[in-house]
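Counting with our numbering, you get residues 6 to 258 for the letters of the sequence shown.
Simulated from the structure, these hints should not be mistaken for laboratory data.
Estimated spans, in silico, between C-beta atoms of each pair: (1) Leu-106 with Arg-228: 42 to 52 angstroms; (2) Thr-46 with Phe-202: 18 to 28 angstroms; (3) Val-160 with Gly-22: 25 to 35 angstroms; (4) Thr-23 with Ser-192: 20 to 30 angstroms; (5) Ala-157 with Val-8: 32 to 42 angstroms; (6) Arg-21 with Leu-106: 17 to 27 angstroms; (7) Ala-225 with Arg-185: 35 to 45 angstroms; (8) Ala-45 with Pro-153: 12 to 22 angstroms.
The C-beta atom is built at its ideal place from N, Cα and C for all residues, glycine as well.
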Amino acid sequence: MNVLLRTLSAEALKLRGTLAAWMCLIAPSLVVALYVLQMATSDYSKRAPAAGADAWSLFAQSTMVLWALLMLPLFVTLQAALLAGLDHGPQRWKHLLALPLPRSSHYFAKALALAAMVAAATMSMVVLVPVGGWVLSILQPKFGIAGPAPWAMLVERSLAATAAAMLIVALHTWAALRWRSFTVAVSIGMTATVAGFLVGQSARFGRFYPWSLPLQVHAADGRFTTWAVAAGLAGGVALTVLGAIAFARREVD
Numbered sequence: 006m007n008v009l010l011r012t013l014s015a016e017a018l019k020l021r022g023t024l025a026a027w028m029c030l031i032a033p034s035l036v037v038a039l040y041v042l043q044m045a046t047s048d049y050s051k052r053a054p055a056a057g058a059d060a061w062s063l064f065a066q067s068t069m070v071l072w073a074l075l076m077l078p079l080f081v082t083l084q085a086a087l088l089a090g091l092d093h094g095p096q097r098w099k100h101l102l103a104l105p106l107p108r109s110s111h112y113f114a115k116a117l118a119l120a121a122m123v124a125a126a127t128m129s130m131v132v133l134v135p136v137g138g139w140v141l142s143i144l145q146p147k148f149g150i151a152g153p154a155p156w157a158m159l160v161e162r163s164l165a166a167t168a169a170a171m172l173i174v175a176l177h178t179w180a181a182l183r184w185r186s187f188t189v190a191v192s193i194g195m196t197a198t199v200a201g202f203l204v205g206q207s208a209r210f211g212r213f214y215p216w217s218l219p220l221q222v223h224a225a226d227g228r229f230t231t232w233a234v235a236a237g238l239a240g241g242v243a244l245t246v247l248g249a250i251a252f253a254r255r256e257v258d
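Put together the whole structure using the sequences plus the hints.
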């Protein structure tokens with residue numbers, strides 16, 4: 006445990022002030038801002054405003070679906086590549102792996118750091134969505150937002166989406182550490198995300214596709230939430246352990 010804490014501390018120091026750290030706030034803020042802008046510029050002259058609670062629910066649900074469907078998989082892709090890139094420099098891995106520490110500790114530290122950034126970004130939606138709703142209520146009162154934000158739903162869905170994302174965290178940790186190329190790591194994630202945009206909307210296959218698991222938290226009135234959380238956590242742990250074993254045995258260039 007002390008070894009893992011030391012490697013995690015080293016990852017935190019390397020991340021301080023980097024783009025990867027700032028993206029934990031930038032990415033979710035961008036999603037909320039874009040959706041507020043879209044709703045604020047929509048024409049509501051021919052539609053009656055929704056009731057306050059219904060408007061809040063619609064805004065929160067739509068924003069979080071946008072995050073889970075598109076931005077979250079891309080966020081994991083970018084963060085994994087940036088995190089791995091910190092140590093993909095000349096001879097850097099050879100130096101790290103020459104230290105008197107288990108090789109797997111470096112892998113687990115990368116995976117946990119990525120998981121922490123995903124959790125921070127996703128859970129920040131609990132605060133950013135209400136802020137966005139308040140701004141929208143000023144810019145476009147006809148949307149109907151009024152009263153308190155749906156805090157319970159925001160917390161519950163954000164926690165579930167974070168857990169469901171752990172499988173893609175494990176997949177991208179492995180891909181980003183397996184290949185030095187930033188382009189390869191990002192290309193894998195972009196391809197998987199585009200495929201997820203189509204597969205994730207399938208009632209038959211969507212809940213089995215790793216990159217659409219966070220979306221399943223919001224699909225069908227939450228019917229697949231338990232499955233998405235269980236698959237994300239179990240799959241994430243299993244693949245992280247397998248990835249650490251493979252990393253420990255691989256020759257580093």
